[in-house]
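Visitor: These are the residues of each chain, in order.
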Amino acid sequence: MKIYNVLTVAAAAFGIASCGTTDTEVPTVCDSDNLTGLPSVLFDEIEVDAGSTVVVHDAFCDDTELGEVRWDLHSAEGHEHEEGEEEEFVLNSGTDWAKLETRALTGTKAEEQFSFDVPLEARGVWDLVVSVVDAEGNAAPDVIALVHVENDHIPAFILQTVDGVDPSSWEGEPMWAPGSEVTIAGAVVDSDGVSEAEVLLIRESDETVVWSESLAVNGETSLDFTVQVVVPSDAEVGEYHFEMEATDGTGVEMHTGFHLEVE
Amino acid sequence: MLGTWLCKLMCSPWPRAMASLCLCVLASEAAQGQNTSVVHGHVYHAGHLTPCTSAAVQAWPCGKTVFADEQGHFTVACSNSIDSLSVISHGHEAVVIAVNGRAHVDVELQELNVALSSVEVVSLSADVEPEGIRAQQTGDVLTTLESVAGLRGLDLGAGLIQPVFRGLVGARVSVLEDGVPMAGGRWGADHGVLVDAALYDAVEAVPGGGHVWLGPEAMGGALRLSSIGMLEADGKRTQSGVRYRAGDNAARFHVLHRSRKGRIQWQAGWSLNRHGNLNVAQSSFEYIGRQLELATSRLPNTSGRGMHGVVGLCVAGDNGDLSTIECRWGSVSQGLFPGIIGVPDQSDLERDDQVYQWELPLQNAMRMQLQGKWRHQGRMQRTVRWSLSQNNRNEFAPPHAHGFGPEPEGDLSLSLAEFHVFGEGKWESQRGGFGIQFEGLKGRTSGWEFLLPNHIRQRGSLIVDRLEGRSRIGLRLDVVHNAHEGHTEPLYASDGSEIGEDVRTEALSRWFAGGAVNWYHPLAFSPHLRGSWTLALHSRAPSSYALAANGIHHGTFRFEQGNPLLKPEQTAEVRWQLMKLNKAPSGGFSWDLRGFAALHNGFIHLTPLASFAPIAHAGQVYAFQAKDAFRTGLEAGWTWSGNKVSVQNSLALLGQWALETGLGLPFTSPADMRSSVGRRWGRHGNFALQYRWIAEARLTARNESVTPSASLWGMQLGWKPSGCAIEFEVHNLMNAAWLDHVSAYRALGLVAQGRWASLRFTLDVRGGDVQETPKMKQQQQF
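If you read the protein sequences in the order shown, they are chains A and B. FYI, in the numbering used here the residues of the first sequence are 1 to 263. FYI, in the numbering used here the residues of the second sequence are 1001 to 1782.
Only chain A is shown next, with the shape it has when bound in the complex (with noise of 0.2 Å):
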């Protein structure tokens, strides 16, 4: 037996003192010469209007060899990245808007800029988050800004109270029942005027539109507005979409809205 032991210890001596090392070190985010005085993804948020072009700067460290960088812009409509991080009510506009790009890099410190237009028909909360790779393929921790986009161009929603509930102070998503009548009650606002404006409970397994009411608009550049949303007393148990659409006078197009839970 003691034969086979040492056998044994001596293979698992061989394979230990055989195994290389590696580079295990991430990259990092680092301090970049940002002599422009651009934005960075270390930056806690962005403020960015709709129709312009963002540029953001930052540096990229690794101890020996970078490999590649992506950077993806999407909403941040319906999820945290980071613990702790409270996710706002926001009524966004244009979130199918998103922007992936992936670049190389070279050598242990490189200075990139990520160019990004943000369309007219966005606005809300986007999440930046960037990832980056060395040459040996260890990834970093994501980095993650949050994008404001304001935007001047498109009508914008307004939401005081649902439910006779201050939304901005909701937790989770809202839950109607079948049958029941919810009172919302807000504001639509264009400097263009708004044309046409309506209010819709589209149901998402299938975008049934449930019920919808027309507001009653004339070109005011504000309107008050108080709409009883009838909830069917057949609506299937599931998840709905309150969606809120208005046109402006020079005929720019919106909508934004909120996920609720009917059962």
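Don't read these hints as lab results, they were simulated from the structure. Be careful, since some hints might not be right.
[Unchecked claim] Below, a sample of chain B positions facing chain A; criterion: calculated Cβ distance under 7 Å:
#1 F1067
#2 P1608
#3 L1609
#4 A1610
#5 S1611
#6 G1662
#7 A1701
#8 R1702
#9 N1703
#10 S1705
#11 S1722
Glycine included, each C-beta is placed from N, C-alpha and C at the ideal position.
Given chain A, put chain B in place with the hints provided.
Guide: Coordinates of chain B only, in the frame set by chain A:
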């Protein structure tokens, strides 16, 4: 003169007296000599008092031998006096009787008793794996697997199990059903096999690679499921059971019936199970870099149902011949956690009032298998096995595009259909055996989420197995053919216009040669101290997935890239085991140790590249690369059983490294210790308190997260009178929040199940002349 002297002598009174005296003495002596030279008597069986016919009776010192007649009577005569008689009869103790002047002697013979110590009969049976470890049947596949130290089971849903053997998973752990390897997307760590342990006679784990009859895929080991065996005699046997598990609201029912009359037995079985959304202890967790909240401590959309069935026929022939045919099927349908396909939204996690309902994303898996066996005893035992099976796996998800271009139509994200055939011919004698195996698989893929193309895989093997002294030496030569089609998709620009072709894979056809050499040697230091060692050299051709993958694997949320230039993995492995058995059959102390060390040349595994996939939701690119690796491990267990109390303990250690980098290999199981203290009461009751400690997983691959340690308490309460059993079991009694490092979804951050409590009732009813089938008989059913 003389006549006158004689006349005077005869006429005188004194001479007449003397002569008379001499005559008397002579007569007396003559009489005496006539009595001692003849002895007669009877020989009979002690206890029975029946005649012992044909017993040999030898008189001493003259040596004359006579035989007892049918009445057990004998008569022996010697010219000289007979001092003693030696009596001998077959099957009886020899007796020497002193005559002591007796004319009649009756002799009682005792039956001969021979006490034998344990006898070892060494012969070869290719169906018996000497390193096999019988798993404890618990009615649940997952806990059945984990009753073997070093063996883990990934619970992927309703009857979908993926065994992890010494850190190896998927296509490196072979699952064999009566010797036939199971297909079903085995290359995917998150693709489980469809089995229900209750519809098999036994589950056996065979650790390590190089077992010549188990195929080249059994690199980490093999799980052998033994099919339903024949009853000992005419009669019927029905095994059934129900179980409910609180936690994930899982309910199960199974029934297995077999009926034998004469040489024919038919069997049929069916099981049904259903479970609700998986309960977890966490209220929030990080998933692909996103923090998600769980409102009800359940993972939504993880419920499902499964159904399994079997029908078969066995016909026993003369001299141990046997023919069987069996049809098995399984079907599983279950939801998938919303983030497994696509990116989860917080709103996706809010829907949990419908515990048993599931919607997109979801998966269906189906298996249908027809297999048969024919065994003929002769100068050589001949066995022919064959199998045909169809395995389908479909994954459905809300359609979404990963790059530019239109959104897909329809929900079918990935479809994998595999047709598998297997054939084996085997010839065995007492000292050796040889055989051939053929295996063919044809896989068709479709769906809008391309992962790997249509492929085929064929294997032919020649096998020789022989006993040399006490060693068992096996040799297998393999030829493997892998081929897959090319696959292209339209390439789109950012405005959605089609600008060309995206070549996902190119057609490939390759042949691989390989094989295995296995030298097993048992050790017997004493009747209670045994062991063995094994040296094995074996190779394994790369899977179709390793050669041809190129796409997002939703189960791992990675972009996985195959390598068409991969070569077969080659392994040199040494294994050993040592065990001490109880000296007293009813209790005592026993322990067992098992260890291994393996050097791998070109170990194929997914390695992160320094690049990201150029499409959304894909993340970093992981490519199949071949790197040399070293693996070693130890499993130890000890048991002490007293009159009423028993203590069991087991420990599994594993280390596996990529030699080039010194990093751990993916899915390296952390140290796992299990302890149990049990007490019996009465003849049927038992209670056990269990504890499991899983160490912190620090031996990780690149970018693999460290998994914290976990302490899990449990208990078991059982009542097992003859023919039935009631068991109550609680797992994770403290509802500890934990992550399973070896889970297929660990890379995604998916959390493990929390506390569950299970109540199980099983019944085993026999009728007719059926006796309990001994375990050895069950082994022979392979």
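Visitor: Going through the earlier hints one by one, which of them does the structure break, listed in rising order?
Guide: Per hint list: 1, 7, 10, 11 violated.
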